[in-house]
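Asks: Taken in sequence, the protein lines are chains V and X.
In terms of full-length UniProt numbering, the first sequence opens at residue 1 and continues consecutively.
In terms of full-length UniProt numbering, the second sequence opens at residue 1 and continues consecutively.
In case anyone wonders, no lab produced these hints; they're calculated from the structure.
Treat the hints with caution; some may be incorrect.
Just some of the chain V residues that point at chain X, by a computed CB distance under 7 Å [as the list claims (entries may be wrong)]:
| id | residue |
| --- | --- |
| 1 | Met-1 |
| 2 | Ser-7 |
| 3 | Arg-53 |
| 4 | Arg-123 |
| 5 | Leu-234 |
| 6 | Leu-235 |
| 7 | Val-240 |
| 8 | Asp-249 |
| 9 | Lys-277 |
Even for Gly, the Cβ is constructed at its ideal location relative to N, Cα and C.
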Amino acid sequence: MSFVEYSDFIQDGDVAIVYLSHDNMMPVKVQQGAQTQTRYGVIRHSTDLIGKRYGSKVTCSKGGWVHVLHPTPELWTVTLPHRTQILYTTDIATITMMLDLKPGSVVCESGTGSGSLSHAILRTIAPTGHLHTVEFHQKRAEAVAEEFKEHRVDHLVTVRNQDVCKDGFGVAGVADAVFLDIPSPWEAVRHAKTAMKKHGGRVCSFSPCIEQVQKTCEALADHGFEEINTLEILLRVHDVRTVSLPLPDFGSDAPSEKQPDSSEKLPAPKHTAATIKTTTPPREIPGHTGYLTFATKPRT
Amino acid sequence: MADNGDEEYRIKEGDYVVLKRGDIYKAVQIQTRKKVIFEKQWFFLDNAVGHLYSTTFEIVSGGTLQPQARKSTDSSSDAKEAGTDNRNILDDGKSQKLTRDDIETLKEQGLKGQEIIQQLIDNSSTFRDKTEYAQDKYIKKKKKKYENTVTILKPSCRILAMMYHGREPGKICHLRYDTLSQMLTLANIHAGSKVLVFETCAGLVLGSVMDRMGGYGSVIQMYPGGGPVRAGVESFGFPAHFHNMLHDFPICHVNALLAGTLDTTAKDISSSDSKQSDVAAEEEQTQPEAKQQDSPEEQSMETNTGTDDGQDQEKEEKERRKEAKAQEKKVKLEEKRKKLAAAAALLEGRNADGLVIASRFHPCPVLMSLLKFLSPSRPFVVYSQYKEPLIECYTKLREQGGTVNLRLTDTWLRHYQVLPNRTHPVLLMSGGGGYLLSGTTIATDRSKPPGPQRVEEPAPKRPKLTDAVV
Chain V
1 MSFVEYSDFI
11 QDGDVAIVYL
21 SHDNMMPVKV
31 QQGAQTQTRY
41 GVIRHSTDLI
51 GKRYGSKVTC
61 SKGGWVHVLH
71 PTPELWTVTL
81 PHRTQILYTT
91 DIATITMMLD
101 LKPGSVVCES
111 GTGSGSLSHA
121 ILRTIAPTGH
131 LHTVEFHQKR
141 AEAVAEEFKE
151 HRVDHLVTVR
161 NQDVCKDGFG
171 VAGVADAVFL
181 DIPSPWEAVR
191 HAKTAMKKHG
201 GRVCSFSPCI
211 EQVQKTCEAL
221 ADHGFEEINT
231 LEILLRVHDV
241 RTVSLPLPDF
251 GSDAPSEKQP
261 DSSEKLPAPK
271 HTAATIKTTT
281 PPREIPGHTG
291 YLTFATKPRT
Chain X
1 MADNGDEEYR
11 IKEGDYVVLK
21 RGDIYKAVQI
31 QTRKKVIFEK
41 QWFFLDNAVG
51 HLYSTTFEIV
61 SGGTLQPQAR
71 KSTDSSSDAK
81 EAGTDNRNIL
91 DDGKSQKLTR
101 DDIETLKEQG
111 LKGQEIIQQL
121 IDNSSTFRDK
131 TEYAQDKYIK
141 KKKKKYENTV
151 TILKPSCRIL
161 AMMYHGREPG
171 KICHLRYDTL
181 SQMLTLANIH
191 AGSKVLVFET
201 CAGLVLGSVM
211 DRMGGYGSVI
221 QMYPGGGPVR
231 AGVESFGFPA
241 HFHNMLHDFP
251 ICHVNALLAG
261 TLDTTAKDIS
271 SSDSKQSDVA
281 AEEEQTQPEA
291 KQQDSPEEQS
301 METNTGTDDG
311 QDQEKEEKER
321 RKEAKAQEKK
331 VKLEEKRKKL
341 AAAAALLEGR
351 NADGLVIASR
361 FHPCPVLMSL
371 LKFLSPSRPF
381 VVYSQYKEPL
391 IECYTKLREQ
401 GGTVNLRLTD
411 TWLRHYQVLP
421 NRTHPVLLMS
431 GGGGYLLSGT
441 TIATDRSKPP
451 GPQRVEEPAP
461 KRPKLTDAVV
């Protein structure tokens, strides 16, 4: 198991995703002799997990069952321990494409936060790229570095515990792409430029507030960035449902012979309904995550 | 110029590049003395060779390109004079003193776009009364019309996806670029994996998958009809070794492969391919004669004599030429057979790591049969321009089992104009970018029929009316 390479069987030391339902999953560190509690009972790692195929059904002690999935950055995003607000897959997918990421890309990122985006970047730039990620919170930087090790992607990433606005990314002239998710991205624009390759590259800034976007765009333009473009993307989930729509009874078109009398028995009313497969939107959805501002650094 | 390590960033003859002006893109190949038409202008790309990518060129007389000097920070109207509002501006069509003919004359005199715009401003009676913002807008609009520059870019998945979506959405089943980005992420496309792709998006989806795999691993294009269509893959300008990871397999042999009756030693296996015309690729394929033959050798003999008989009335000369051609074809067929066998071998293990479907075909049968080639615990994603067929896929998968994490989604995308005091969403936005069904495979217990899983969809509520009556 690694976040950048599939394996077929669960091994001691892997991180596996236990799937209970589509909105209930959890990551499990597989360890010989260890146990994990779920709502369906206990999972015994030695007998239930190790040596089993990823994707297998595992019966828990109370008779309920779960599926054990191979970790992916997307599953990690929905199961990871939150230490900060995180980026979700919809934004991550857009960022990945708009930054032109691919195997071999060198990327700078700040802040690292809980590492949701970092894992997705690492998956895409492996096996020859590198991620330089900067996090000013020491405990968070340490925690994420530990996770990278557990997920066997630590050879692809350098975690730096510093303030990107003051100290930059710790590298110069190496990055194909820079990603900023910090409170004042405009203060880091010059560092982004320094970190990037001479021949140019792409930059992205994620900000929840439009005032931040305004300042960032100005800073980007001042530093000679081109093709500055701000967008917003939202995910819309369609829940598939079978619904039954009753059809009203319009009565018979035969002439009525006598006044309907309440005491007399009525012909059994035909209550028919049409059953259709359709989708319904969830009652509430995240209506705003953040604005994504992209720009191109020209050759300098 | 003497910059070392710049070679990979220089435009070379034969390169696939993307031309850009404003938001308009066009993918072309650099060929000498080849006329290119872009935005109603024609020119030659010869002069671009040797220059760096992302260089902006001016199109000068005779259709030659001239690298543009680094732009001298938008030197628009120096005389900053502006009105406060538009109360005195009348749309009487008289504000511009220059006529159409005047402008044409200016153009013929060889004035550059910037100079023409300055002339327009000088001859506009209302320009100075416009607000500063309106002036900006005016200049921007005129720039778009009169500046004849073109930027040459190195292609990327982002640029090509935006290009196709802007120029020829019909060719890519109206797949919006952000939807494509979701697909690549949801399918966990990465280097070193084995991915199945079924698409009728001109090769854009296939190319994007290959781009994300960086030449590591294998991609198997499952194609409908006579041959794989992937013109769009060329536009990515991949290095030659990328094509080593690309395999293809005709969808019409999937049933045989799944049933274990596909015989890749049969000589006639791709006879349908040899008959293909350009149109054939676009046509529905009838189940070919892939039935088991006792001896493949005999079979090929039979087909040969069969065609001979049919051609009996034809001239002998023609016959001989045909035979020579047939020989040539045979060699080609043999090559094709080998390729097919290789692709079949990749599929037979049923251990693919990902599945991406984006086509104009009904996704349901495609998904149902191709899912069988995936390992358990692997993601798949299906695109459709329409929601209903994906509802059907969803329903089928729930009945059948073998998948978890099913989700039917689409994305909403909005661009913003960000300017000091004038920030707002762009007035026009895409109405829809198509729908996605994504999920993860799980191990199926083959001994037992897949019983009903924990139901995630609540049972349909009975209509209240019925409740009251019964």
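Asks: Please list, smallest to largest, the hint numbers that this structure does not respect.
Replies: 1, 2 and 8
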